[in-house]
Amino acid sequence: MTTSPPLPLVDATAMIRFHRIFREALDAAPRFIGEVAAGDHARADHVGGYYANVLALLHAHHEAEDDTIFPWMLERLPEHAELINRGNAEHEAVVGRLEAAEEALVSWRAAPSDGSRAELLSTLDTLGESLIEHLDHEEADVVPLIGQCIDVAEWGAMSANAFQRFSGDKPWLVIGLIQEQLLPTENATMEANMPPPARDFWLGTGRGMFEEYVGALRS
Numbered sequence: 002m003t004t005s006p007p008l009p010l011v012d013a014t015a016m017i018r019f020h021r022i023f024r025e026a027l028d029a030a031p032r033f034i035g036e037v038a039a040g041d042h043a044r045a046d047h048v049g050g051y052y053a054n055v056l057a058l059l060h061a062h063h064e065a066e067d068d069t070i071f072p073w074m075l076e077r078l079p080e081h082a083e084l085i086n087r088g089n090a091e092h093e094a095v096v097g098r099l100e101a102a103e104e105a106l107v108s109w110r111a112a113p114s115d116g117s118r119a120e121l122l123s124t125l126d127t128l129g130e131s132l133i134e135h136l137d138h139e140e141a142d143v144v145p146l147i148g149q150c151i152d153v154a155e156w157g158a159m160s161a162n163a164f165q166r167f168s169g170d171k172p173w174l175v176i177g178l179i180q181e182q183l184l185p186t187e188n189a190t191m192e193a194n195m196p197p198p199a200r201d202f203w204l205g206t207g208r209g210m211f212e213e214y215v216g217a218l219r220s
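Just so we're aligned, residue 2 is where the sequence shown starts under this note's numbering, counting upward by one.
What the hints contain is simulated information worked out from the structure, not anything from laboratory work.
Ideal Cβ placement from N, Cα and C applies to all residues, glycine included.
Hints are supplied without guarantee of correctness; some may be wrong.
Pairs of lysine to any residue residues, derived as SDA-like cross-links and limited to a Cα-Cα distance of at most 25 Å, are as follows [to be verified]:
no., residue 1, residue 2
1, 171, 110
2, 171, 138
3, 171, 19
4, 171, 210
5, 171, 100
6, 171, 200
7, 171, 218
8, 171, 195
9, 171, 161
10, 171, 152
11, 171, 68
12, 171, 103
13, 171, 76
14, 171, 60
15, 171, 90
16, 171, 28
17, 171, 73
18, 171, 111
19, 171, 64
20, 171, 47
21, 171, 108
22, 171, 96
23, 171, 141
So the derived label-pair ranges between C-beta atoms look like this [to be verified]:
no., residue 1, residue 2, range
24, 47, 12, 17 to 27 Å
25, 216, 196, 39 to 49 Å
26, 130, 196, 14 to 24 Å
27, 195, 127, 15 to 25 Å
28, 8, 31, 35 to 45 Å
Let the sequences and hints guide you as you build the complete structure.
Written as structure tokens, this is what we have:
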């Protein structure tokens, strides 16, 4: 009986590129949110939609890691359990601050005032303190371990898990944000593995919706 050859290990540096979505959103908050005038509901809703979906993506990403690659890494690389468990612990530390930012975002979108804007910026700054520390650690210490023991199919399973968990209302927005960061070959693989209806929507309509939305956001 013949067996299939093992699948290649993943190039986990894609994780570093993916993390730029969160780094850039937090860096841009003083401009995107800070420049929205009190009472400008239309602009607050537009900017708020971007942040709501980025924060939902962060939730989904961390939950998918906790469900998939972190347990697999612990099983396969027990000698690095301390580093891997630190990543799990950092997720727990981030989640409370993430939820506080989401609550402040809802309040600001509903009533964009000077006070609600300041509260939202404060919660995002607090989130950033713990999140950036976590991302720095994960990129320096965990990403190299992923590349030692996680194959391309398992990497795809983590991505699928994250999209199943994603609770935002603009999946086309996060697909576009992801594609901005990944390499052309990675984007081609991503599109090839989309369910046909999702791929047809993205290529036919979704990409244009994304470009229009972020064009207005960044103008």
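We went through each hint and held it up to the structure:
About 16 Å separates the Cα atoms of residue 171 and residue 110, which keeps this hinted pair within 25 Å; it holds. Between residue 171 and residue 138 the CA atoms are separated by roughly 29 Å; this puts the pair beyond 25 Å, and the hint is violated. For the given pair, residue 171 sits about 18 Å from residue 19 by alpha-carbon distance, which is consistent with the 25 Å threshold. A distance of roughly 10 Å separates the Cα atoms of residue 171 and residue 210; the hinted pair therefore holds under the 25 Å criterion.
A threshold of 25 Å between alpha carbons decides the hint, and for residue 171 with residue 100 the separation of about 19 Å falls inside it, so the pair holds. Only pairs whose Cα atoms come within 25 Å are accepted, and residue 171 paired with residue 200 is accepted, the gap being roughly 15 Å. Of the pairs offered as hints, the one joining residue 171 and residue 218 holds, with about 14 Å between alpha carbons and a cut-off of 25 Å not exceeded. Using a Cα cut-off of 25 Å, the hinted pair residue 171 and residue 195 holds, with the two alpha carbons roughly 16 Å apart.
For the hint pairing residue 171 with residue 161, the CA-to-CA distance comes to about 16 Å; that is within 25 Å, so the pair holds. A hinted pair counts as satisfied when its Cα atoms are at most 25 Å apart, and residue 171 with residue 152 does not qualify at roughly 29 Å. A hinted pair counts as satisfied when its Cα atoms are at most 25 Å apart, and residue 171 with residue 68 qualifies at roughly 24 Å. For a cut-off of 25 Å, the pair hint linking residue 171 to residue 103 stands: about 16 Å separates their Cα positions.
About 35 Å separates the Cα atoms of residue 171 and residue 76, which puts this hinted pair outside 25 Å; it is violated. Taking the CA atoms of residue 171 and residue 60, the gap is near 15 Å; set against the 25 Å cutoff, the hint holds. For the given pair, residue 171 sits about 29 Å from residue 90 by alpha-carbon distance, which is inconsistent with the 25 Å threshold. For the given pair, residue 171 sits about 21 Å from residue 28 by alpha-carbon distance, which is consistent with the 25 Å threshold.
Using a Cα cut-off of 25 Å, the hinted pair residue 171 and residue 73 is violated, with the two alpha carbons roughly 30 Å apart. Annotation: proposed proximity of residue 171 to residue 111 holds, straight-line Cα distance about 18 Å (limit 25 Å). For the hint pairing residue 171 with residue 64, the CA-to-CA distance comes to about 19 Å; that is within 25 Å, so the pair holds. At most 25 Å may separate the alpha-carbon atoms for a hinted pair to count; residue 171 and residue 47 meet this at roughly 12 Å.
Of the pairs offered as hints, the one joining residue 171 and residue 108 holds, with about 19 Å between alpha carbons and a cut-off of 25 Å not exceeded. Between residue 171 and residue 96 the CA atoms are separated by roughly 21 Å; this keeps the pair inside 25 Å, and the hint holds. A distance of roughly 31 Å separates the Cα atoms of residue 171 and residue 141; the hinted pair therefore is violated under the 25 Å criterion. For the pair residue 47 and residue 12, the supplied restraint of 17 to 27 Å is violated, since their beta-carbon distance comes to about 35 Å.
Between residue 216 and residue 196 the CB atoms are about 27 Å apart, so this pair departs from the stated range of 39 to 49 Å. The given range of 14 to 24 Å is broken by residue 130 and residue 196, whose C-beta atoms sit roughly 38 Å from each other. Evaluation of the 15 to 25 Å hint for residue 195 and residue 127 yields a failure: the beta carbon distance comes to about 35 Å. At roughly 43 Å, the beta-carbon separation of residue 8 and residue 31 lies within the given 35 to 45 Å, and the hint holds.
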